[in-house]
Structures are given as structure tokens and as C-alpha cells.
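Engineer: Chain by chain, the residues:
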Amino acid sequence: MGRLPGRPFAISEVHNNMDAISFPENITLKNVSFSYGGAENTDVLGDITLSVRKGEFVSIVGPSGCGKSTLLSLVAGLNRPTGGSIAIDGVPVSGPGRDRGVVFQHYSLFPWMTARANIVFALQQARERGSHRELAKTADRYLELVGLKEAADKFPCHLSGGMQQRVAIARAFAVDSPILLMDEPFSAVDTRNRVALQELLLKLRDNGSDRKTVLFITHDIDEAIILADRVVVLSSLTGSVREQFKVPFSRPRHRTPLLKSPDYVTLRNGIIDLFHKDESEILAAGDTDAFEASAIGGVLS
Amino acid sequence: MKRLVSAANFLFMLLVVLFVAIPCRRPDNAVETPLLWLVGGIQIFYLLNLVSRKEPQKAETVGDVTAIGYAVLLAWELTTARYNLVDPMLYPTPSAVLQLFVKDRADLAKGLLSSLQLLAGGYAAALIAAIPLALVIGWRKRLFRAVSPVTKVLGPIPPIVYIPYAIAILPTFKMSSIFIIFVGAFWPIFINTLNGVFTVDRKIIDSARVLNVPEGTMLFRVILPATMPAIISGANIGLVLSFILLTAAEMIGATSGLGWYVKYFSDFADYSRVIVGIIFIGLVVTVITFVMDKLEKRLLRWRS
Chain A
5 MGRLPGRPFA ISEVHNNMDA ISFPENITLK NVSFSYGGAE NTDVLGDITL
55 SVRKGEFVSI VGPSGCGKST LLSLVAGLNR PTGGSIAIDG VPVSGPGRDR
105 GVVFQHYSLF PWMTARANIV FALQQARERG SHRELAKTAD RYLELVGLKE
155 AADKFPCHLS GGMQQRVAIA RAFAVDSPIL LMDEPFSAVD TRNRVALQEL
205 LLKLRDNGSD RKTVLFITHD IDEAIILADR VVVLSSLTGS VREQFKVPFS
255 RPRHRTPLLK SPDYVTLRNG IIDLFHKDES EILAAGDTDA FEASAIGGVL
305 S
Chain B
3 MKRLVSAANF LFMLLVVLFV AIPCRRPDNA VETPLLWLVG GIQIFYLLNL
53 VSRKEPQKAE TVGDVTAIGY AVLLAWELTT ARYNLVDPML YPTPSAVLQL
103 FVKDRADLAK GLLSSLQLLA GGYAAALIAA IPLALVIGWR KRLFRAVSPV
153 TKVLGPIPPI VYIPYAIAIL PTFKMSSIFI IFVGAFWPIF INTLNGVFTV
203 DRKIIDSARV LNVPEGTMLF RVILPATMPA IISGANIGLV LSFILLTAAE
253 MIGATSGLGW YVKYFSDFAD YSRVIVGIIF IGLVVTVITF VMDKLEKRLL
303 RWRS
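Residue numbers (the numbering used here), protein chains in the order written: chain A, 5 to 305; chain B, 3 to 306.
To be clear, the hints were calculated from the coordinates, so they are not data collected in a lab.
Keep in mind that this is a model prediction, so the values were computed, not measured.
The C-beta atom is built at its ideal place from N, Cα and C for all residues, glycine as well.
One or more of the hints may lead you astray.
[Unchecked claim] Just a few of them, taken from the derived set where beta-carbon distance is under 7 Å, the chain A residues facing chain B: (1) Leu-82; (2) Ser-98; (3) Pro-100; (4) Tyr-111; (5) Pro-115; (6) Trp-116; (7) Phe-159; (8) Cys-161; (9) Arg-259; (10) Thr-260; (11) Leu-263.
[Unchecked claim] 30 Å max Cα-Cα, derived DSBU-like pairs, lysine-lysine: (12) B:Lys-205 <-> A:Lys-153; (13) B:Lys-296 <-> A:Lys-158; (14) B:Lys-112 <-> A:Lys-58; (15) A:Lys-264 <-> A:Lys-207.
Could you build all of it, start to finish, from the sequences and the hints given here?
Structural biologist: What follows is the structure in C-alpha cells.
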């Protein structure tokens, strides 16, 4: 993509972008690569070029080991890319910033702080004005919003995994960063709670005046589709974007009918096929009997 | 009613019977009424615990501990005062020890005060020096890698060997004691904190980094609490070492204090007072450990 960073998004360059044409580009990754150093084969990300518009919800899926969490840590500013560039609103990322809120799978909350104290701490770090009492009030308001008013004085160890993630989400929305980066936030939560958390996330996102841009890492394809405007599939072979799928369903989405609709099933199968292709290509690329491997690949795809 | 059938109650009865039925055979024995009062007090405490406790297991433990105490007292009383089976000079009777306890209370209190001054000085200095230093060094990976091997050499040196040297180089005995306690407590606290900082979960650090916390906040509001379990275990080891070093130093060169009390009277072969001193030190350590336990529970209440 030969666009200058920061220039408003005029014409969609991703082939399946149909709406949101007038939204400016928010997150821009250009030829981003990353490796942990050392031997040649340790490339985690090969060559990622991706752009996310303001207010867009993008899910990133891919087989395990494709570097999706690494990608998120680069956007969060926790790691620096080995090559390429990442920019937020055209400004290169040089480290973490309060324009981006992050929710991790584990330890998003500090275990030694109560739910309320966790939110207050984050607000303080975000240079939020106000006395401790005012910030605590804000914290309580957001805890109420996620249905955890009673848990304000509890420590994370006394909350279930799902409740902890609720608090983490409450914190992210309390700090009100325009961009939300989520790294498999619901993976450790049981299925029923996961659905509730997904709905909560969408509800909170719709509440605000400015819709947050969300980059959502998951290995759950249903979750990826139901939440997102666009699903980006990474390849574990090349560590780059394999394909992008526009999610055409209008919002608010109703889970049960959606899961049954033929469009949904087609989209879902398309993504799963890509996963299988990726696996078979890895087999073929390995130094085991190439002929046999490609034969298996043929069967799989 | 069923709860009243216990080892503690049985042994209590046995003690009472023993005091009434078997005559005292030690001419040097003190009046026995205070000991009876003490045992009666313990028994009342135990019974109150039995009826008021909501957790049956805790009540059970209190009962078992009481029973052990009674058993020891029973054996002691039988072998000394009642049947006079052991050397009277080396083994005083329980009543004699209790009497000396009361008689020497002023000296013991003075000794305690003097000991606590040394202990508090050295231990507090160790905490204040070791924790921030270890936080900063543990947080800087390069510094950590440089300092870690040094701690492996200096840490294991038994601090007792510094005593003569410390006495030689420092002007007063008090200062050298504080210094020795400081050295003894410093290493376990420092090494534990250092390793604690180094092994703080990467995810916790990342969670703080994405909140864009400045360096000071990172160290004292994230790394410090995350390391607290390791710090506390180091602080506990440090405290035990401090006590050992305190009494050792006092036995070598002090003119007051708990260690001095024991050493001084053993020089006069006054073993009754030696036992008084030992029991008193045990009680003091118990109280301090109890306070530390409470503090630990409070500081780590977020874990469970």
C-alpha cells in the first residue's frame, strides 16, 4: 500500500472494504517483520501489511504459532518490529501509549489491587484529573456497567476468570483509549461466560460516543466473525497476512440465527479451509518426504 | 459435653491430682501456688476457647497444644519436685523458675529493651537498605547479572564470623552488634528480593507497561508488590538470623540484654536463671513471630 501514513482514507484499498469509506486510517502496519533474534528460522512475523480504520473492529486469527500475539504486542508498543513500520494516526509507534488500551488473556489485572484499585491505578497512569475519591467513583461506575458493582473491593484471586476479564474490560473503557487491543481476552473463560463477555464488549463499544477501534486476537473463528467487521487470517508459514474477509452481517448481530445462516457457514468454512491449507503447506515445507506431504496436502485442500 | 473429653483436660486433672497427692521432695522448691494459678489460667483460657470457637479444627489445635504444654510440665514437675530424680543444681523445679521470673522481671524487661534496640536497629537498617537496592538491581538486567554472582560468594558466609572483626573496627559494642545484625539480615532479604524481582511474571510487567507507567511507579507500585511474597520470605529468614546473631553477640561482649542474661548467670552456675532466660527468649521470639505472621497475612491478603 503506497499511501502516506496519516492521510485520510479516501478509497478502500483492501478489496473487500465496502463501507466506512470516509473513516480515516487509524492503525497502519507496513511490511512489519519481527524475530526474537538469533538463528535465521526464528522469524515470527514475516511481512505484515495491514491497516485498520478508525472505529473498525478487526479480528486476527491464525493457527497457533503464526505470531498473532506478537503482532499485538508490536502494536501495543511492548516490542519493536525488526523491520517495517507501525503508525497510529500516522505517528510511528515508539512504545506503549495511552491512545491504546490492552486486555490480555492473563494478568491484565494486578493481583495485589482490588478491582476498584486496578481501575483507579490505570486512570491515574492515564493522567486522569481528579481526586482519588473522584477516580474511585468513576471506577465504580464502570464496574456497575459490567455488572460487578459488588466486586469493587475484591481482589482478583477472589473473582472468577470471567469476572476478572470483566474488570479488565471495565478498566479499558474507563481509561477510554480510542484503540483497544485485545489478546485472546476470553480464551481462558468457559463457553457460556465467553458469550456473555463478547456481548458485553460490543455493548460497551456501542455505548460510547466515539466507537473504539478494536484489534482482537483470537483462535476462536466463531468469536472472530461474530465480533468483527473484518477477519484477518495470518499464515504461520510466512508470518504474513494470508487473506482478509469482510464480515457482511449488520449490527446488532443475533448470535443464534447468525450461526445458522448460510452466509455465516460459508464464511466460516472459508476461514477453516485456509487453516487446513496452511497446515498442509507447513507439512510440505518440512524436510520430511516432500512427495508424501504434498499428497496429504492435496487431500486436505 | 463430648468436647470436654480431651487430652488437655485429662492432663490437667492429672496435674491437679499430682499437686495434691504427691508431696514435694525438693527442699529448694519455691511456693507452688503461683504455678497452680498459672496452670489454672491456662485451663480457663483453653476452656473459653473450647466453647467460643466456631471452627472446630482450631479449637482442637489449641487443645492439643495445651496438652503438650501440660505433658512437659507434668514430666518436669515429676522428675524434679515430686520424685527428685535429677541433679537439683542443674534442674530447677517449675515453681522455682516461675518465682525467679517474677523476681527478675525488672532485669528481664531491661534486657529485653536493650536487645530490642539492637535488633530493631540492625534489622530495620537491613530492610531499608536491601529492599530498594534489590529492586533497582533486579530490575536492571545487566546489573542483576553482575551482582548475582557476587551475592553467591558473599551471601553464604556465616555472619557470625564477622563478630570479632566488627568488634575490632567499630568503636562501641552496640554499634558492632547492630552492624552484625544488619549484615546477617541483609543477605537473605537482598537475595530473596533480587531473585523475586528477576522472576516477576513477564505478563505483569507487560500489563504495567501498556498502562505507560513511569519508572518509579513501575518499581514501587508494580515490582515491589509483585515481589512481596519473596521479600517476606527473605525477611523471615533475616529475622531468625538476626535473633541468632543478637544473642550470640550479646553472649560475647554485652553488658545487658537477653543473651547476656543467660551467659552471665551460667558463669555463676545459676542454671535456674539460665532457664528463665531461655524461656523468656522463647516467649519474645514467639510474640515477634506472631506479629510478623499477622503482618504477612495483611500484606499478602491478595493471595489465596
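Engineer: List, from low to high, the hint numbers that the structure doesn't satisfy.
Structural biologist: 2, 9, 10, 11 and 14
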